[in-house]
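One letter stands for each residue in the lines below.
Protein chains: 2
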Amino acid sequence: MSQKKVTRTEDYSKWYNDLVYKADLAEHSDVRGCMVIKPYGYAIWENMKDALDRRFKETGHSNAYFPLFIPKSYLSKEASHVDGFAKECAVVTHYRLKNAEDGSGVVVDPEAKLEEELIVRPTSETIIWNSYKNWIQSYRDLPILINQWANVVRWEMRTRLFLRTAEFLWQEGHTAHASKEEAIKEAETMLDVYAEFAENYMAMPVIKGRKTASERFAGAEDTLCIEAMMQDGKALQAGTSHFLGQNFAKAFDVKFADKDGKLEYVWATSWGVSTRLMGALIMTHSDDEGLVVPPKLAPLQVVAVPIYRSDEEKASIVAKFEEWSVLLRAKGISFKIDDDDNRRPGWKFAEYEVKGVPVRLALGPRDMANNVVEVARRDTKEKTLVSMEGIDTFIENLLHDIQASLFNKALAHREANTRTVETYEEFKVEIENGGFILAHWDGTPETESKVKEETQATIRCIALDQVKEEGKCMVTGNPSSGRVIFAKSY
Amino acid sequence: MSQKKVTRTEDYSKWYNDLVYKADLAEHSDVRGCMVIKPYGYAIWENMKDALDRRFKETGHSNAYFPLFIPKSYLSKEASHVDGFAKECAVVTHYRLKNAEDGSGVVVDPEAKLEEELIVRPTSETIIWNSYKNWIQSYRDLPILINQWANVVRWEMRTRLFLRTAEFLWQEGHTAHASKEEAIKEAETMLDVYAEFAENYMAMPVIKGRKTASERFAGAEDTLCIEAMMQDGKALQAGTSHFLGQNFAKAFDVKFADKDGKLEYVWATSWGVSTRLMGALIMTHSDDEGLVVPPKLAPLQVVAVPIYRSDEEKASIVAKFEEWSVLLRAKGISFKIDDDDNRRPGWKFAEYEVKGVPVRLALGPRDMANNVVEVARRDTKEKTLVSMEGIDTFIENLLHDIQASLFNKALAHREANTRTVETYEEFKVEIENGGFILAHWDGTPETESKVKEETQATIRCIALDQVKEEGKCMVTGNPSSGRVIFAKSY
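Chains A and B supply the protein sequences, listed in that same order.
No gaps in the numbering here: position 32 of the first sequence is 32 in our numbering, and each next residue is one more.
No gaps in the numbering here: position 100 of the second sequence is 590 in our numbering, and each next residue is one more.
FYI, nobody ran anything at the bench for these hints, they're computed from the structure.
Even for Gly, the Cβ is constructed at its ideal location relative to N, Cα and C.
Mixed in with the good hints there might be a few duds.
Claimed, not checked - Below 30 Å or equal to it, Euclidean Cα-Cα: the simulated BS3-like pairs (lysine-lysine) are:
{"no.": "1", "chain 1": "B", "residue 1": "504", "chain 2": "B", "residue 2": "810"}
{"no.": "2", "chain 1": "B", "residue 1": "547", "chain 2": "A", "residue 2": "314"}
{"no.": "3", "chain 1": "A", "residue 1": "348", "chain 2": "B", "residue 2": "871"}
{"no.": "4", "chain 1": "B", "residue 1": "810", "chain 2": "A", "residue 2": "22"}
{"no.": "5", "chain 1": "A", "residue 1": "262", "chain 2": "B", "residue 2": "724"}
{"no.": "6", "chain 1": "A", "residue 1": "348", "chain 2": "A", "residue 2": "14"}
{"no.": "7", "chain 1": "B", "residue 1": "512", "chain 2": "A", "residue 2": "262"}
{"no.": "8", "chain 1": "B", "residue 1": "962", "chain 2": "A", "residue 2": "133"}
{"no.": "9", "chain 1": "B", "residue 1": "810", "chain 2": "B", "residue 2": "724"}
{"no.": "10", "chain 1": "A", "residue 1": "57", "chain 2": "B", "residue 2": "547"}
{"no.": "11", "chain 1": "A", "residue 1": "49", "chain 2": "B", "residue 2": "588"}
{"no.": "12", "chain 1": "A", "residue 1": "348", "chain 2": "B", "residue 2": "810"}
{"no.": "13", "chain 1": "B", "residue 1": "871", "chain 2": "A", "residue 2": "98"}
{"no.": "14", "chain 1": "A", "residue 1": "348", "chain 2": "B", "residue 2": "547"}
Said to hold, decoys possible - The calculated label-pair distances, taken between Cβ atoms and stated as ranges, are:
{"no.": "15", "chain 1": "A", "residue 1": "59", "chain 2": "B", "residue 2": "671", "range": "23 to 33 Å"}
{"no.": "16", "chain 1": "B", "residue 1": "820", "chain 2": "A", "residue 2": "349", "range": "42 to 52 Å"}
{"no.": "17", "chain 1": "B", "residue 1": "630", "chain 2": "A", "residue 2": "411", "range": "35 to 45 Å"}
{"no.": "18", "chain 1": "B", "residue 1": "872", "chain 2": "A", "residue 2": "79", "range": "53 to 63 Å"}
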């Protein structure tokens, strides 16, 4: 991390990386591609987890835990699945170290070689469907609605903190159903849960859509997704929900007896979001000064800094803050008084700005005399002198305002950067300016891949609320029934 | 799992295993030594996690996350640490699979061999202290009070569900301090947190003690522990808290500048509890009929079963339950009405008994007419007709009673099975009857290991509240200043 502050316009990628370090969210570890999530970053992730977990339980799901290791042969049972994951997985081959004979340290004990190699899970469909096989006999055993919070490993060659790491944390839902319709409904419901979470908690507008066949999850029949636009105009896939058809049921031979006693393969879904959401959160709201966290996910919502010269002044200011502390905590608002004598107010202001604490109060002797307090909001950096009377209600409303205003700002940004084009020439120009480009596509993987090769842009999704409109593919001129969303992406 | 019910006295070990399956807590997976924690078992673990996590935060700790993989060379940096863990670890040697040339499936790609092998963490001291090295410069950076919830892998050869599995879930606290005293204090504080959790939530009495040198954690200078007695009289180590001295700071060269600018090595602790606590919970309270869960950890505290012949009867009974549901939820009590028409009341009673739901209500038309309800408590299997008036308060008090009574019963069991012996002859007889044996020991590892070889009993701990008492070692006759606790153990 450099000392010089880099702005978003100067170098977006460096700005991001510096911010993750400066706000103390995470850092690279010495283990290739693996990050350390530091306490402040983890606290935001915990808030995300809690909100999502609540919604999963409200929609009837339970948590469970399946093994970290997947026998190599399981991964191979679903053909497209293994194709998708085999090239980037950590393989356990031995189960013991021993002292080197030359005394140089410990070495892998060749005697302790596994008969079958184990893969560190890149995702758990195979190990879970191998268990479901024993859990499902009849329609009475269905649906199974299970979620798992876990770490997974995908051996990515080019990693970026939160956005793409070899190990990451996530949740993966795995459900089993008696009918196709029910499974499709489940995949849609969970997409709605993700979209609602993204918009209401992360204050991040998303487009709900469907991936094209070539962008589908390895093993899925249909992949739904939520796509968000970052401040640099690039797209970020924030969550996916897959209808898996009967692919895994067939691979693991999982059948159930229906009400008439007829044996049928079980229908499946899986859905997940990961610590990647931390990257999305950062890139949606933060500014050149540091992190901006929406109040609903902020580990600390309000910080109070006393401005004083004498112990007496300090005591009376802190006493006032303590009164408010009781009122705010009663409203469920997290509040911290920073009365550390070793740091000057200016240092504290900068620190809480970098960390994105939504609201900062500053109170000095003159304010005390005037019965007012300075309230600074992190998002707009606006400062106001506010009457002490009803300060708790003022702050409560302000937090709501900030949450709504962050969402509206991000939505306005997306709308301003979403454009419609008719020709491929136009497209090639517009895509370089970033943003979402709505264009007609003939529905073939060939055209999709040509566009990707020539412009690095992919079809992010076919929006679920796509407007039906007769048109001609911008590349081939072949007929299209509606525009799809192209963008460069993370 | 067999169909025939096995009692604790017939075969304790089989009883345990059958119970874990019947109560739907966990099962063996196809991956050697790894278990699947099923939703009901995971829900109990989640309640444990929540209660512990709250206490960790109240005592000033934050959660963070460190990499799953540890470079082999890191593990080797602390000599006794690597000795303790090298013989049972999963080793990642490759990062890619490829299609076999003979078309037989996927194989490990020999081209994708790691330069340095990675160990799947058996515990995280080394990877964490390697990070702390960069976080700590001065006394101002201390203390660091971090906890991690994670999965770890120790390649155990003989596994038992929850008690000993190759992969398990746990929390590991890792703290860094400027002084020896502060680190010792931290290790003691966390032992107190564990003991309080064990006794107040798990209703499991524990003895706080100190491990002998030979039973210490690999790399620790002092290991504190809580030891519990299971119903078969065996001891179970339920949690440990280690004072690590400066061992890891020296291994990873972590120094801080004190107030005078002098460089000193940092002092450390680590402490952990794991899904092993699930085994402890089961073996402390459960009976031949199934699981018994203390109310504070029960995923479901009260279940209500309507007894009816007609839809009309059902409707009025369920309406009554729904009234109570509001009252109980207001008191924070979890409550479920099981009005499933496909199952008979007797089936439901048996099901909730096996799952250990603390309180069951049964209500039929005659009870309705008499304004009473049948209340059955799981722990004693006692049934009482209780007036509907103030039923919510009655249930609230009953849950408290059950919690206290489970603890008292377990404590009485431990006291009844704790005996004092003077001679080694006496010891050899008594140890076969199970329980904790208090005896004098000369403090040498030789005597300790002789006893272990000859009787399979180990010194569980030297109780922190050990009575100072002049005595003679039961084996060597050498002087001893107090009795230590011997037992066979899990």
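We went through each hint and held it up to the structure:
{"no.": "1", "hint": "B:504 to B:810", "in the structure": "violated (42 Å)"}
{"no.": "2", "hint": "B:547 to A:314", "in the structure": "holds (28 Å)"}
{"no.": "3", "hint": "A:348 to B:871", "in the structure": "violated (60 Å)"}
{"no.": "4", "hint": "B:810 to A:22", "in the structure": "violated (58 Å)"}
{"no.": "5", "hint": "A:262 to B:724", "in the structure": "violated (50 Å)"}
{"no.": "6", "hint": "A:348 to A:14", "in the structure": "holds (25 Å)"}
{"no.": "7", "hint": "B:512 to A:262", "in the structure": "holds (28 Å)"}
{"no.": "8", "hint": "B:962 to A:133", "in the structure": "violated (60 Å)"}
{"no.": "9", "hint": "B:810 to B:724", "in the structure": "violated (46 Å)"}
{"no.": "10", "hint": "A:57 to B:547", "in the structure": "holds (24 Å)"}
{"no.": "11", "hint": "A:49 to B:588", "in the structure": "violated (35 Å)"}
{"no.": "12", "hint": "A:348 to B:810", "in the structure": "violated (57 Å)"}
{"no.": "13", "hint": "B:871 to A:98", "in the structure": "violated (53 Å)"}
{"no.": "14", "hint": "A:348 to B:547", "in the structure": "holds (23 Å)"}
{"no.": "15", "hint": "A:59 to B:671: 23 to 33 Å", "in the structure": "violated (50 Å)"}
{"no.": "16", "hint": "B:820 to A:349: 42 to 52 Å", "in the structure": "holds (43 Å)"}
{"no.": "17", "hint": "B:630 to A:411: 35 to 45 Å", "in the structure": "holds (42 Å)"}
{"no.": "18", "hint": "B:872 to A:79: 53 to 63 Å", "in the structure": "holds (58 Å)"}
Hint check: violations occur at hints 1, 3, 4, 5, 8, 9, 11, 12, 13 and 15; the rest are consistent with the structure.
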